[in-house]
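Each chain is listed here by its residues.
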Amino acid sequence: MITKYVLPILLSFGSHLVAQDEPDSKPTSQPTDTAEDRPSETKDDDAADAEEDRFTVIRGADVYTGTGSMLRRASILIKNDKIEAVGHDLDVPDGATEIDATGKAVSPGFVSVGSSGFGAPGTFRLEEVADGLNPWDPSIKLGLAAGITSFGMMANEGRDVPRGKSAVLKLAPGDLEGMLCATDTILSMRMPLDRQQWRKLRELVDQAREHLDAVAKFEEEQKSSAGKSEDKKSNDGKDSAKGGKKKDDPKPPKPPRGTEEILDLLAGKKLLWIDLGNASRGWFMGGPTNSDNEKVRQGLEVAELLGRGVVFNRPITGWVYADRIARTGSMAILEPRSRVEPDEGNPDITGSNLASAAILADAGVPVAVMSPTSNLTLMGLYGQDVNTLHVDAAYAVRGGLDNRKGLRTITLDAAKMLGVDARIGSIEPSKDADLLILTGDPLHYASLVDTAIVNGKVVYERQKETFYSHISR
Amino acid sequence: MRTLAIIAASLAATASAIAQGDLSIDIYYGDRPDVPKIAKLGPDKVESPKLAFRCAKVIPVEGDPIDDAIVLSQDGKIVAIGRAAETAIPDGFELVDAGDSWCLPGYIELHCHIAGRGFELNDTLHQTNPEMRTLDLITMDHEMLRNALAGGVTTVMLIPGSGSNMGGFGTLTKTWGRSPDEALVRFPGCLKIAQAGNPERYAGDLGMTHMGMNHGLRMTLERGQKYYQAWEDFDAGKGPKPQFDPALEYLRGLFRHEYPVCVHTQIYQVALQTLRELRDEFGLWTVIVHGTFDAYRLSEEAWKRGVPVSNGPRQFQFNYERGRFEGLAANWYSGGRHGFRHPVRGLGRDGIGINTDSPVIPQEQLQLQTAMAVRLGLPWEVGVRAITINAARFVGVQDRVGSLVVGKDADLVFWDGDPLDPRNAVEMTVVNGNIAYRRNAERPRF
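Which chain is which? The protein sequence lines are S and R, in order. Position one of the first sequence corresponds to residue 1 (our numbering), numbered consecutively onward. Position one of the second sequence corresponds to residue 1 (our numbering), numbered consecutively onward.
FYI, nobody ran anything at the bench for these hints, they're computed from the structure. This one's a predicted model, so the numbers in the text were calculated from it and none came from an experiment. We put the beta carbon where it would ideally sit given N, CA and C, even for glycine. Hints may be right or wrong, so weigh each one.
[To be verified] Coverage of chain R stretches by chain S, computed from C-beta distances (three or more under 8 Å per stretch; other residues unrestricted):
id : stretch
1  : 97–108
2  : 295–301
3  : 316–329
4  : 375–387
Just chain R, same shape as in the assembly (with noise of 0.2 Å):
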């Protein structure tokens, strides 16, 4: 009786504490510079009409709810925002009318596999492949983008697959542009690296098991965190000036901490060898894409770790023992006890995201991914909040994108109503100040 007390105890803590509003997680960058010098950022202004969307609601994610709302629009960017009554429409501004849709911020997903031709994403000659890189698969002509704007998605992360377990690096972007250099967020995104659960190379050569695959993991990073070292050092004044290696210059990236890791990980004793070796040997700014199977259970380590997660695409794992359906999301968020003796705190409203890899799930059902989360036991809050403002912040780019907010980019969606209901439609798709899709309703896309 005195264990179960202790428990209970133990869980109404960890449930208060999410109640009194103990929703941070203290997302670990590392010593990001201001200013990148490896990573290329996209354009910071980019050619829009000016434009004045009025609608029945706002949900800037970042503060409250406006209702019969204006937002203004310039050169891709937001300039005002706020109460139909009380907001002037300047003049020069076209005003669009959205009728009784809701807007929110375009939606963010942090791990997917469009943008290129076909299902391009795997070269895996090597068992890592720090040499390779998207960037040059983007076309913005492309199906799997128009299907994004019309689910209502209009930044991804298109990353290299999990052939291999250093896939290579992903490219941040838009979802519409005139071309993928406007679209352009920031390359590197993050570097890919996929731990078990399909890099594993079952011929039995090294790399089969966690072992060889983490040690060949560890090989090339010590070798990119040397390069990265000399550099500084050169840079410093303090060592002569190194050989230029394209094929570990972008880890000389990773390591300044311009961008992060992204972690095809799952299943506990993985994600505790991500969290080991990549965010505590090598300190690098990691983010979990994926997270799933009993993952979950390492909400505090993560926590604790400022290393967030983007879940999916599973969003549950059926619990044999328990004989139960675990939300993976909700788990991540709340923490429980989860087979321990006593209750681990969970990542909060700030650490959690969720993801389709699309095209396994397609890229416009991002928002049925977290429906499906919410029905599993996600606030709904929280759900609107993973693939916004969560996402943008895991990857560094919450100055640009995930909410509603004067000087941020102009990504607008406007949704027939609740935008986690799959039985709303994205009625049009505003991308930096660009109105990049409207819904035909006689032939939806989507």
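Looking at chain S on its own, in the form it has when it is part of the complex (with noise of 0.2 Å):
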């Protein structure tokens, strides 16, 4: 079987995203939501069983996983949605479709951390994101042309207290289930606070560690009454116990009011994201004009304070705390080639730093990056938007990360940040079969995507598409 030649794959992949991935592996291992937004492993496989598996296979590319490494002339085999196997003589079954990428790279799709368009609704509420996708909007084989196979956008940001709403969608034209990559797993804040805001924020806090004090002891108390072990039972059970002895029966405490975001962030269901003012700023003449020392200390006190990791929306001054931000289990969204100067009393750690994203992935926090304009447009500026999102993980490469590492900051890091690096964000067997073959080296500044495959299908090829055909390349 496959497995067979998988395996060392996997075992080596395992290896050095564990090693990578440690700070945060716990927060982000486990999105929320995708169970259920998506069929679940075990139905797959039945539903596959009678209705015959699609298998497709890449051969002859470079191929970049993603987590950091390369495998030449590899094959890649996708069985439906997913990636079945990477690596060399795979066992492909008969009748697999074949993709000829010889001499070409593929690349797991570009994830944009945030942006707006390609089908999402201008805002959402959180019940209605679905409700308001358009799987034939024309921007999506835009995104597509330009390698974006994710993207996270939020709503409702929170402003002192952890708060919002998100959603991951995915760029797969006609097909509006396959759009839906996962919801809520972000929250937001902003930084700074004031004292007020401050005391509220440690009562929460406080609050909700009590109630799970309290959930616990409950539990504690409903295990030992262990002569009641019946009762027990049906209390469990729901369905069971309905119309049963509900009197009787203790109640769990419920959290109080307000909590209800700091029990998901202590419970490492979602991730939350520290705004600093810096994003979306825009490219003319704008810009923060100081540093964010303090906004970046509060934030890492706001990890602290939760005692899980929190994800810093394009800090200025991120390479100064690097240690902290990686003991804290903290991660970076950064805009490499932002540039912001020193305050003239403390050059040595204020203002922007090319070097950011190779000093804070020297400490080994996962670094995604983002362009200085978070949509793409058609007004003609080409290397300032989501259009070149490989061009902002360049500069991350400018500033000393290794190029490999370099692309980590678009695809599986990325993936990170929004909390779903579990399906995407890498090549790797099991995951969703959402890459790009490019006509080479990802990160180069002229390679165009020749074809985009989102959950297992080719959904964009240059050459059967206006935007790019005309190239020759």
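Got two chains here, separate frames each, mind docking them using the hints?
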């Protein structure tokens, strides 16, 4: 079987991942909601047995896995919407669709950590994300031509308390169900907080912790009352307990009002983005002129208060606090080329640093990058928006990040910022088959996407679409 | 079918013209005098140590690349260049080992608004402002100039903005110097004219439409032309001494073809007005600096008139009819059908430049601008020429900058590798033979 060939690769990826992902492996390795949104593995297999599995094999390309490694002239086997195997000399079932990618490069689809458009609703409430999707939005194909296969979006961001709704969407043209990758993996709040806001946040966290203690105590009591094991059984299975002797059963404690988000964060069900007010500042004459040391430090205090890593959204001075960011298990989204001059009084700890991505990555912090403009625009300023997300990864490399790790900043590590790295962001068995066949090195400025595959389906082919087919490469 | 065949043949002819090395453009300089009377040139000699730079590769732009090369510089100029094995380092020259880097001439930016205080570029009291100039704004201790050096840009044309039809006179300066006078390459570097796409007076007074704007330009240029003619007549002993008019003095140099007019112009119709009014009617040495949207469709008209194009900051136009990304620099360069019955000729290898309009696109990203043009179809070699020798030729300073040739300014930039790849950084920048920037890997400026 294929496993024979795949196992060593899988193992090597696995160890790599563990080594790289230690700080945040807990919160992000279990993306919420995915089980609800998508059919489970077993279901998939059952259905596949009935309907016959669809196999695709991509041969001959240099495979940039997104984890930081590259396999020369390797093959990728796709089964339905998942990656089945990666490696050399794969055991390919008869009837598999063959894609010859000799001389080309394969990369995981790029992940934009925060965009709008691409068939997404302009704004949304939690339950309405799916209702607002338009899988026939023409901008989906534009995004695919740029290599973007997934993106995150947020609404109702929090100010002084963690709050917000979020969705991770895929660029799956014509496939409404396939567009929805995950919902509500992220909360956000904004730094800095004043003294009163800090008191409020600390109170909420204390209340949440007290509640968790109460729940633990309650469960302990339930367990220890061993004599009532039958009662407990009926109490656990809600369906069978209907109409039972409810009155006598002790009720579990209810979470105090306002602590729901905090509880999700403490349980690692969601990630907290720390907005520093630096994002979405546009390209023209804009941008912060002051350093954000105080805001980053406050964000770190939030991480320490929660005992969970947070995601710093476009810190300017994150590089100054690299070790502390790593220690708290936090992550960072950077805009590598953005520039803030150091303050005259403290030049060594203020201002931006092109080496930020490298410094943070060296400290063990997952780093994603974003473009100066977070949407895809058609106004003609090329290289400034997510139309060329790979350019921002390239600037991280310019600052000293290893070229292959550079790709992580727009693939696996970007997926981590959205809490969906268990599903997307790398070319590894069992992950979603979202990948690109490119004319060359994914981070080379002139590489174009030849083919984009989302959920195992070919959804963009350069030669069949109008956007870039006239450019010879 | 017959039409198709004709088109195919014509396309092939255009393609083969380019392929066979028909790359030239006869840039129109008018009757440019050898020695300027109005324009002030920078210093002939700039103080600099005797240095011998050694690096893995030199791409001189004019001439073949040289592996394991040495460049000698003295008094601000290149005094020798060649293979390390064949180039002796004379006594008194200090060796600067640039390791594995590639050495290229410093990049030239033809359209920028840096070096002044803040975003200081528009005084739009009048519709045309020939009395304005950027010369007095320049300070060498400027953040954006330091960024330019970190991005490999050593020469910039600092021009006024496009808020009025005639913004004033721009300055061509190096991005490093011990004083603005030392850094100066030429003042005026050019006259800045803006035709549509910003200078419109939407309040409804004269200059709201193209007609009004062209009229305003014509009136001012005619005044300048008369003033120029009166002085020419006086100099030739054919007329009385005209009254000195500071507002028109630099227009006099413009009509003497001592410097070009750099025109903010874009869109087919507007660029056509540029060619007809400024180049045909007034016979000005004209450089198009923007040339965006669908202006590239005029590539043959511009080529015929010897008008080169520095393209940017927009690098593509989304062609909604065909649903495709038109690479603007690539289209200017190669020509093509572009909606016409028969294909038109492009500007060729020597007629296309690239600019950032910094700080619209930050000055240090001139490299990225060019990389993006290459991504959209401009050949790599043309991309490198566009921001070096081409730009120098467009504004007539090719005797000083734009390539690495003995006798030219020692403006050297040492890159990590492919000088168009944003992953590669500048390790060292040399301006007029002086090391102006060295990259600190711990905390690189860019």
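Do the hints match the structure? See the list:
1. Check on the stretch 97–108 of chain R: 0 of its residues sit with their Cβ under 8 Å from a Cβ of chain S, so the three-residue criterion for coverage is violated.
2. Evaluation of the coverage hint for the stretch 295–301 of chain R: breached, as 0 residues show C-beta separations to chain S shorter than 8 Å, against a requirement of three.
3. Counting residues of the stretch 316–329 of chain R whose C-beta sits closer than 8 Å to any C-beta of chain S gives 9, which meets the bar of three, so the coverage hint holds.
4. Against chain S, the stretch 375–387 of chain R contributes 3 residues with a C-beta closer than 8 Å to a partner C-beta. That satisfies the three-residue criterion, and the hint holds.
The structure does not agree with the numbered hints 1, 2 stated previously, though it agrees with the rest.
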